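Residue numbers (the numbering used here), protein chains in the order written: chain A, 5 to 462; chain B, 5 to 462; chain C, 5 to 462; chain D, 5 to 462.
If you're looking for bench data, these hints aren't it; they were derived computationally from the structure. Just so we're clear, the structure is a prediction, and the values are computed from it rather than from any experiment. A hint or two may mislead.
Identical chains share a label here; the pair holds if one copy fits it or two copies do between them.
To be verified - Straight line, CA to CA, 20 Å or less: simulated EDC-like cross-link-like pairs of lysine to aspartate or glutamate:
{"#": "1", "residue 1": "K112", "residue 2": "E234"}
{"#": "2", "residue 1": "K202", "residue 2": "D224"}
{"#": "3", "residue 1": "K112", "residue 2": "E99"}
{"#": "4", "residue 1": "K56", "residue 2": "E132"}
{"#": "5", "residue 1": "K202", "residue 2": "E234"}
Given next are the chains, with one letter for each unit.
4 protein chains.
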Amino acid sequence: MRSKAYEVHEECGVIGVVRADGPAAELVHRGLFALQHRGQEAAGIVTWGPTKELHHLKGRGLVSECLPVYQVKALAGSVAIGHVRYSTVTMDRSENIQPFLATTPYGKFAIGHNGNLKNTDALRSRLEAAGSLLSTTMDTELIVHLLARSGAKSFVDALARAAGESLGAYSLVMICEGVLYALRDPHGIRPLVLGELKAGWVVASETCALDALGATYVRDLGPGELLTIENNRLTSRQLLPVGRPAPCVFELVYFSRPDSRVFGQGVHGARTRMGERLAMQDLALGTPMPDVIVPVPDSGFPAAVGYARQSGVALEKAIIRSHYVGRTFILPDQDSRSHSIRLKLSVIREAVCDKRVLLIDDSIVRGNTSREIVAMVRSAGAREVGMRIASPPLAWPCYLGIDTPDRDELVINQHRDEEGVRRFIGCDSLRYLTIDGLAEATGRQPFCMGCMNGDYPL
Amino acid sequence: MRSKAYEVHEECGVIGVVRADGPAAELVHRGLFALQHRGQEAAGIVTWGPTKELHHLKGRGLVSECLPVYQVKALAGSVAIGHVRYSTVTMDRSENIQPFLATTPYGKFAIGHNGNLKNTDALRSRLEAAGSLLSTTMDTELIVHLLARSGAKSFVDALARAAGESLGAYSLVMICEGVLYALRDPHGIRPLVLGELKAGWVVASETCALDALGATYVRDLGPGELLTIENNRLTSRQLLPVGRPAPCVFELVYFSRPDSRVFGQGVHGARTRMGERLAMQDLALGTPMPDVIVPVPDSGFPAAVGYARQSGVALEKAIIRSHYVGRTFILPDQDSRSHSIRLKLSVIREAVCDKRVLLIDDSIVRGNTSREIVAMVRSAGAREVGMRIASPPLAWPCYLGIDTPDRDELVINQHRDEEGVRRFIGCDSLRYLTIDGLAEATGRQPFCMGCMNGDYPL
Amino acid sequence: MRSKAYEVHEECGVIGVVRADGPAAELVHRGLFALQHRGQEAAGIVTWGPTKELHHLKGRGLVSECLPVYQVKALAGSVAIGHVRYSTVTMDRSENIQPFLATTPYGKFAIGHNGNLKNTDALRSRLEAAGSLLSTTMDTELIVHLLARSGAKSFVDALARAAGESLGAYSLVMICEGVLYALRDPHGIRPLVLGELKAGWVVASETCALDALGATYVRDLGPGELLTIENNRLTSRQLLPVGRPAPCVFELVYFSRPDSRVFGQGVHGARTRMGERLAMQDLALGTPMPDVIVPVPDSGFPAAVGYARQSGVALEKAIIRSHYVGRTFILPDQDSRSHSIRLKLSVIREAVCDKRVLLIDDSIVRGNTSREIVAMVRSAGAREVGMRIASPPLAWPCYLGIDTPDRDELVINQHRDEEGVRRFIGCDSLRYLTIDGLAEATGRQPFCMGCMNGDYPL
Amino acid sequence: MRSKAYEVHEECGVIGVVRADGPAAELVHRGLFALQHRGQEAAGIVTWGPTKELHHLKGRGLVSECLPVYQVKALAGSVAIGHVRYSTVTMDRSENIQPFLATTPYGKFAIGHNGNLKNTDALRSRLEAAGSLLSTTMDTELIVHLLARSGAKSFVDALARAAGESLGAYSLVMICEGVLYALRDPHGIRPLVLGELKAGWVVASETCALDALGATYVRDLGPGELLTIENNRLTSRQLLPVGRPAPCVFELVYFSRPDSRVFGQGVHGARTRMGERLAMQDLALGTPMPDVIVPVPDSGFPAAVGYARQSGVALEKAIIRSHYVGRTFILPDQDSRSHSIRLKLSVIREAVCDKRVLLIDDSIVRGNTSREIVAMVRSAGAREVGMRIASPPLAWPCYLGIDTPDRDELVINQHRDEEGVRRFIGCDSLRYLTIDGLAEATGRQPFCMGCMNGDYPL
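All chains, please: the whole structure from these sequences, using the hints.
Structure representation (C-alpha cells):
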C-alpha cells in the first residue's frame, strides 16, 4: 500500500518545459500533479518571463493545495521548471522548497534536483570556510555555490566543474538566463526522460508526466548527458564521462507510477512480471496453491494480477482502502499505529472467510503494516494467510535519493531472515522474490540494487 | 469511481452506542470513520454524560478533520450517537450539522437522522403558524418540533405521534435523558443494523461500522421497529405499523461499503453477482468477448471481477486513480471537468494498447466521467472500447434520502436510450444490467427501485 | 483605561436604519464601528431585501474582522438592523450572535437586543414545558418565543404581550416583514436614541453612531415607547406603561463613548464635571494639591482635565498606552497580569520623577490594574502617588445589562472601605467621588445607581 | 496620530541581551514589545544555546502574534538578539525577516540591523560577480557577505572591513559563536543604548526597552564604537573612525517612544519643548490665542501640552481615537481614506463647538489626514480651526533608515509653501516650527536634519 510512503520516500520529482505556443507554467503544473507520488511535502514552479526575470511560486503541501491554478496562470514565460519534494529532515525551513533560485556570475538561475549527494559534509565545510553563505540545508544549494564560484568562463563549463565535484545521484532541470538545461548524473541513478510537445520539449522524472501533457516520449537522457534547449532548439552533449551504470531498481519495484516507463521499460509490466516470477518460484517448489489471491492495496496490485495469471488462482480485491483518512491524520493513542491502519484498510469478510488467502505486496520495510494486515485478514475468517513479496528483502539503506529508515529498523535485519520476518508478521508462509527473480523480471539490466545487496555504484 | 459522490449523494450515516465498559464517544468516532462514505461534509457526536447532560462535538469536513481525537476523548458518557452528513442545499448554516440537540418536555434530547421526508413544506408551514421557531433547514428539526408539541404523556408516545406525521425515509438514532432509541421508518427504506459489543450495543447504518468496533452483527432493525436501550438493557417494540417493504436497491449498487452487509446480504457479493449477471447477458446474446476486462475505479471493481470470472476473460487494473487530488480541488478552466478527471485517473498504456477493452462500472449518472474515461482508454491505444454498467439506467430522481440531479440531467433522459447514451459516451458498445438481472443478483427481494423504474413506496 | 473592558462589560449595542436613498446595510455597518466599544466579541447585520426576505451577515470578533465591506455591500435592502455583542458565558455557540432571526406567525422577523432580563429561568422552563425548542442561550430568544406563541392577532399586540412578560432591561431594534420597530423598556435603563437621515431614520444605542452616519439627533426614545418605521414613515406609541425611571448612570461614568450624548447629556462634559467635583471635594477638605495631574489611560482623561482645570494644577500625559498589544494577547505566566499591564502601559519617567503625582481614573473594579499602575508610577521616581476616582465605589452587581464580576470580587468589598482599598492599591491617598458628587455632576436626574448603592428599579 | 506609521516608517528596532541568571530570550521578547513602534511587519529572536548552536524564532506581524510566549521559552541560551521590522518593498519574502543567520568562517553568526546603506547596488553587483549567492533583498545580508569573504584573520577584523565598505546608517546587534557584539555607524545616525541588568547587559535602540526589562541606562554607544560582551564581560573599542556626527532628529520629533531617552535627552521633554517653542513663535508674532488647544492623537500630545502650558490656553482631548479599527482594516471605497480616518477618529462636539480651536500635530507628511481632521473639527461646530506643526516641513527623502514617500508626494513640495499647505489642509491658520526653533528645543546638537533641509551626512 502507498502508506509505505511514510516509510520509504523518494526525495523528489522534477520537470522542465519549453514551448513556443503558450505559457509553460501550466504544463509544468499539470506535470507536477502526475509526479506528486514522488514528493508530497512541498512543490514549486519557476518560469523565465518575457521581462527576462525569474518568477516563482512555491509552497508546502500537495500541488493542489500549494500551487493554486490562478497563481500558476500568473507565471508568465515559455520556459519553466517544477519540483515536488519530500524530506523529513529539513522541512521546517521554507527556504528548502525547490526550485532554488540564485543570481550567479552567469546570470539569473533556477534549479530543481532529484537525488542525493554523498560528499555533502565535505563540500559544505569547504564552501563555508571560503566565505560562502549557505541559506538552506539542501544538497542542491551546494551545487549552485560550486557553480557560482567556479571561475569558469561559461555557464556550461561552470556546471561541468560543479557536477564533477558533486558525487552522488542527481537528475537536474535548470534555467539560466532563459535557457533550459537538463543533466543526469554519470551513473544514471535517477530517471530523466525527454518528451516532445506539439511546439516544444519537456524533460521529466517519469513518462507519466509526459502523458499528462499529451507529449510524445522521445528517449531517456543518458548518464552524464546535458540537454540544452535554447529558443526551443534542442542540443545534447556528453558533459560528464559515463560511470558504472546504476539505475535504481526500486523505481521499478515501488516508486515510479505504474503507468510510467522508466529505464526503458513499462513499470506496470515489470511489476506484473515480478508477480509471475513469484508464482513460478512457488510452483517450482511445489507449494500448495491458495484459494484466493489478495493484493495489498494499492501497490501490490500488478504483482497480484501477475501471480494470479501465472498460477490460475482467482483474485479478489478483498482489502479496500478508505479515501477519507487523510495523509496527515494521526491517532495519538498508545496503539495508534494499529488503529490508523484499521481506519484506512478494511477486509471484506465474505471474500476471505474460510479460505486459504495469499496476500501479495511489493515490498516490506518495517513490517508493522504487514503484521496488522495479516491479523485483520485472519480475524475476518481466513483459514490460512500466506504472504508473498514481489521483491527481495530490503536490508541496506539508500544514500542516493531514497529516504529509508536506519539499517536496524528494517524488518529483515530486526528479525534476521525470512522465517524471522514470517513469525513477526504472523503469517503462515512468507516468501520474497529472489534477486535473480527480480533480475529476470526486469530484463537483467545493470541496476543499482544497493538497498537489497549493499552494492552501491559509488 | 467514487467521484460519483459529486453526482449522487447519500444524505447521511448514523450510529449509536451504549456500553458498560468505557466511554461511548470513542467507539462512535471510530464508527463514523467507517461510515464516512455516507457523508463527507460535516460530522458530529453527542454523548450523555455522568452529569446527566448532553455533550456535543460537531464540525465541517471529514471526521478526521472536524472531530479531533483529543476532543472526542473529552466527551464523557457511556451513551453516544454520531452522524455524518452530506447536503448541497443547506451547508452554509452550521446549525444544520447533526446530531440536533433540544430540550423537550421529555427532557434533554439529541437526534441523528438518515433519510428524507416528503411532506416537509406542509409540516414547516403548520409549525411556524403555531408559533414554533425553526432554527435549521433540516427535515430532522421538524420531527423534533412535532415531538415537543405532541402533548403526549411519554417520550415514546410523542415519538410515535411525530413519526406518524412524518412521511418518508428515516433511520433515526436518538438519546433522550440518557436512553438510546433507534427507529426505522415503516418501509425500511434506509438500512439500520444492530450489533453487540462485549459489554454493550451498537446501532449503525451499515455493518462496516460494527466491524470497525469489533462488534458482532445481530440483525437488521425491522420496518417501524423501535429499539430502546436503557441501562444497557435492550427492548424492542413495533412502534409503527409495517408499510410496503422498500429497502433502497441503490445501497447495494453503489452507496454502501463493499465490506458491509445491508438488507441481509453482503454488498461485495451482490456487486460481484451483478457483474456475473452482466456477463451472462452478454454470453446469452453471443456478444464477442474482449481481450481484457478493466474496472472503472473504484466502485466498478467487484462487478468487474464477477464479469471476468463468469467470462473467463483476463482482468487488468489498467486505470489507476491518484490519491493526491483532493476532494475539494477544482480547476477553474473552461474544460476543467475533463482536466480534473485526467488529473485523477490515468490509463496504463501497456495494459490496453492494441487490445479490445471492456470497461465495467456500477452505474452512470450524467455520463461526463464515463465519456472522458472512454476517450482516455482510446487514446492509450485500445483497439476497441466497450462499456458495461452493472445496474439499470437511472431515470428518476430519489425523494427518499439520495441527492440525485434533476430528472433531465440524467444521461439516459438526455440521450433517450442505451444507444443514445452509447453515442454520447463514445464507446463501441454499451449494455446495462436489466432490472430483472439486478433482481436476480440481489435475491429477488422487494426493493425500492424508484430511481430506475419510477415506482416509489410513498 | 479601556482594559476595564475585561472586567466590566456592556452586553451590547444596537442600531436600526431605514432609508429611501440607498442600501441600509452600509450605514448600519458604519454605525456598528461607532458602537464597537459596547461589544467586541461578535457582530451582525440583518437587512430586509427587495425580494421580501431577510439577509444576514454575522461573525465573531471586531466589526472590521467579521463584517467585511464587500459582504456588507451584498446585503440588499433599505431596512437594516445591526448588533455588537459581548458575552462571557455563551460565546462558544455561534447561534448566539445577534441579530436573531425567526419566522413567526407574523412573518419573517429579526431582532437585536441590548440589556438583560431578570426572569429568564422562569421563562425558559415555561417555554420548554410547552414544547418550544430553544436554540440559543440568549434572553433575546425568550422574547421571540413569547411573541411567536402569544396568539395575538397583530405583531404589535404580540410584542406588547411578550414585552409585558419580560422583566428587565431592553432596548430592542426589530424588523418584521420589512417594518422597523424600536422599543425601550418601561424603566428606560439602556439608552436608545432617534436620529434623522437626509432621507431616512436611524435608531441607535448612542449618538456617536448618529454622528458616524451624518444623522441629526432628534430625541431619546421614551421608556416603554415603541417606534414604528414603515415605508420611511415614523409613528410612535406608548406600548408599555412607564415604570420608575432608571437610566444606568454607569453609561455616563464609563461605558458610553465620550463623544456621545446619552440620557440627554454629553458624556464628555459629564465626565469633565465629575473631575471638577472631585477637585472641589479635595479643595473643600483642604487636601494639599499635587505637582501634576496624570490621567489613567484612556477613560480617566476627561475627569483629569476637569480636575486640573478646577484645581489649577498642571496635567501631564505621563502614562502612555501601547497600541500594539492586541486584545487577545495573553501571557501564560504566573505573574502574567502584572506583565501584561506593563506591556500595555508605560510611565514617562521625566514627567513624574521627583513629583507629587495625582492619578485620576473613572472607576475601580477589582483594583489589580490600579495597583500595578501605582507601582509603576512610583518606580518611575514619583515622590508621592495619590489616586482619585471620578465615581463612587462599585459595591453591587448589575443584573440589567452589564457583566460585572461577583460581589465579593469587587475591590471595595474585598478590602472593606476606602482605606482598605488604598492599602491594597498601594497609593498614598485615595478618594472616590461621593454619590452626591456624582448626582451633582450628572444633573440630579433619577438614575439607576444599583451597582453603587444596591437600589435597583426591579 | 500614529497612523503616520503608514506614511513614514522607521525601518527597524534592535535589542541584544547577555545575562548570567537565566534565559535571555524572554528579556529580548519583552524588549521587542517595547520597540514594537519601530516595526510592525515582522519580528525575530535568535539565541546562542548551551549546545553551542543558534536557535531562532521569526514571523510576520506583531510581536504578540508571531512570537508566542511558549515558543520563546523554548529558546535556550543566555545570549540573544531580537529585531522588529518594517519594510514595504521586501515583505513578500520571509527570508527577509531578521535576525539574519549564517555560518561564516568565524563561526555561527546572527545579526539584527537598524538603518539603511547607501551603496547597496554597487555592493550587490560586486558580490554576485564574485560568486556570492544572495538569498535576501536586505542590506544586512551584504554586510554579512563582505564579512564572510573578507579574508581577515579574526571576526572583529572582518567586521571592521565589512563595515568600512558599508556606507550609511547602521546600528547592529550580532552574535558570533556566543559572543554578543553591538556596533554603531561612524555618524551615529540611528540610536543605540547600553543598559545594565542585575546580572547582565542589554543593548537596544531605545531606553524604553531598557525600562521594560528593569535595566539601568548606562550610556549611548558612540559613533563607530564596537561593544563586545563575552562571558558577561563588557569591552569596548573604537572600531571605526568617528565621522561627522549626525543623529536623526526625526527620532525626537516622531519616531522614538515618548518615554525613551535618545541621543542623551528625554523624548517627551523634547516634544513638550517643541510645543513651547511653537507657542513662543505665535506669541512673538502677536498671533491671537485660540479658545482651546486640541492635540492630534496620539503623537501631537506632548507638544500640545507644551503649547498650552506656554500660552495659558486650556487643553481639551477633543479628538478621540478608536482602538477597534485594526491596523490592517482597509475600506475598498472610492473615498475610503476619508472614511477610514473617520472610523478611527471622532471629534467631541461639545468640546469644540463654537470655539476657536488650535490643533497641534508633530509633523505632516502627505497632508491627507490633517485635511480630514480639520474638516471633522469644523463640522463639529468649531468657529475657527488653526493648526500648528511642532517641526519644520518635511521636504526631502531619507536614505538612512526611514521609509519616506517620494519627494513630490510630500505636501510641502506639492503645495509649494506654508500658505499652499494651509489652503490644502483647509485650516484658517497654519504655522510650522522653524528649524531654529527645533534646534532650540533639542538643545542645539549637530543633528541630521536631511529630511528638513536636504543636508545629509553622506
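Comparing the hints with the structure gives:
For the homomeric pair K112 and E234, the shortest alpha-carbon distance inside one copy (15 Å) is at most 20 Å, but the shortest distance between copies (41 Å) is not. With identical chains, the CA atoms of K202 and D224 are at most 20 Å apart within one copy only, with a shortest distance of 19 Å there and 60 Å across copies. Taking CA atoms no more than 20 Å apart as the test, K112 paired with E99 passes in both settings, with 17 Å inside one copy and 18 Å between copies. Proximity of K56 and E132 under a CA criterion of 20 Å is satisfied inter-copy only: 17 Å between copies versus 31 Å inside one chain copy.
Taking CA atoms no more than 20 Å apart as the test, K202 paired with E234 passes inside one copy only; the shortest distance there is 16 Å, against 66 Å between copies.
When each numbered hint is compared with the structure, no violation occurs for any of them.
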